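Visitor: Spelled out from the first residue to the last, the chains are:
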Amino acid sequence: MKLKAGIYWGAGCGGCDVAVLDVHEKILVVAEKMDLLFWPIALDFKYKDVEAMDDGYLDIAMFNGGIRNSENEEIAKLLRKKSKTMVALGSCAHIGGLISMANFHTKETIMSRVYLESESTDNPDSVLPLEKWNGGKEELELPRFHQMVKTLDQVVDVDYYIPGCPPVPDQIVSALSQVWEGTLPEKGSVIGAGTRTLCDECPRIKEEKTITSFKRTVEIIPDSEKCLLEQGLLCLGPVTREGCGARCINSNVPCRGCYGPLEGVHDQGAKMLSALASVLEPKEEKEIDELIGQIADPLRTFYRFSAAASILRRKKV
Amino acid sequence: MSFEPKIVGFLCNWCSYTGADLAGTARIKYSPNLRSIRVMCSGRIEPTFILKALYEGADGVLIAGCHPGDCHYQEGNYKALRRHRMLRMILPGFGIEPERVRLEWVAASEGERFATIVDEFTEEIRSLGPLKVRDSLEMVLSEDVILNLDTAMEEGGDANEA
Chain H
49 MKLKAGIYWG AGCGGCDVAV LDVHEKILVV AEKMDLLFWP IALDFKYKDV EAMDDGYLDI
109 AMFNGGIRNS ENEEIAKLLR KKSKTMVALG SCAHIGGLIS MANFHTKETI MSRVYLESES
169 TDNPDSVLPL EKWNGGKEEL ELPRFHQMVK TLDQVVDVDY YIPGCPPVPD QIVSALSQVW
229 EGTLPEKGSV IGAGTRTLCD ECPRIKEEKT ITSFKRTVEI IPDSEKCLLE QGLLCLGPVT
289 REGCGARCIN SNVPCRGCYG PLEGVHDQGA KMLSALASVL EPKEEKEIDE LIGQIADPLR
349 TFYRFSAAAS ILRRKKV
Chain G
324 MSFEPKIVGF LCNWCSYTGA DLAGTARIKY SPNLRSIRVM CSGRIEPTFI LKALYEGADG
384 VLIAGCHPGD CHYQEGNYKA LRRHRMLRMI LPGFGIEPER VRLEWVAASE GERFATIVDE
444 FTEEIRSLGP LKVRDSLEMV LSEDVILNLD TAMEEGGDAN EA
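Chains as they are written, first to last, in the numbering used here: chain H, 49 to 365; chain G, 324 to 485.
Please keep in mind that the hints were generated in silico from the structure rather than gathered at the bench. Here the structure is a predicted model, which is why all the values come from computation and not from measurement. All clues stand as given, with none of them false.
No farther apart than 20 angstroms at their CA atoms in a straight line, the calculated lysine-lysine pairs in the PhoX-like style are these: (1) G:K329 to G:K375; (2) H:K364 to G:K329; (3) H:K52 to H:K96; (4) H:K364 to G:K455; (5) G:K375 to H:K364; (6) H:K94 to H:K125; (7) H:K74 to H:K50.
All chains should be built: construct the whole structure from the sequences, respecting the hints.
Guide: What follows is the structure, encoded as structure tokens:
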């Protein structure tokens, strides 16, 4: 019997949906095994179609994107109710993703920056989006923009995680095949990725690491054979889960950490900070400060994808 | 009620914990606000431990290790120093004053110094006030609460209108 599936995007960019399509001809295999009954980006089903389903009607729901507003949260809860298996697809649903860097700001500063201050904004009357508007014939509503971005499992119970920004298409197929073959691991597992660090699958030559200066990717053309971290590029390989096939590394670009932390790591950013500090050369406070002062935006570099899933989760207000 | 800071102290086994022991056996009086945790080396203290302590309710964290050059494992305290300097850089991004995490070198013979550090640090944290990371987070989350789906469906019959 074919599996009944739904795919939804919360606060995301659509990249995960596109990654599902990027499986190319394997989409035929997916279509053979699964009936897609809900997929707003590609198919014309409505929320009410999902509401009409019996609880647990869907075999699997794949939720990509983070939880940024009340609509995201509502549909996450709806899909959880209607699905036997809930999968967080991609970095945002898994660990917050790029969008969760917004947690280092308050809702007010985000609104002000986006609608009032940004260089491309022309808003002389300082109009801000409202949750309710009565100006027309009928009352209109917008979802509430939440105070912070949440991961999917901070809102509903999640069965499996497929990491990546976006997940590698082949990994999506391999994870899905575990669903239809009935070979899923225990609940809560990360599927479609490995268990070691990216450094373990990285093909580059690694020697003794002693960092004496930091460079940004725009400043140098890195040696394509040697470890990027040893060349002073901040690569999150040491604290990131393998499984992407070292896509960025093979393009001579350092890892940004999208596959998230390894099993048992509570805070990917803190782990990177810890790993990095251990391989810096200086031993004197002043020299250390000079060196780490060269890191461009350390907070958002260490927590580029995982702010919402970090221990502190946001800037304290 | 007056504010009594909760301070978590990670003390290295070889120097600082022994220094704290000496403060005790020498019957030196110092602030009771420090909760000591003995670790084998200051280099073992992961930034994760510190963030976790702050999240769980500590108002300040003290890390104490052997003086530079004296580490039982040669390099551990330099790693601790570099981690501390880097952690200080990112704490303001989380809305936490970097002064809440303090690194000090305390040798096994420095009981007096240990007591002075704890007293000073306690007063510093007292003047910074309570941290309350979790309370702040819960307050923010409560503003985000939407109606529970079940209630919404019972009341409105349509989750989209909830």
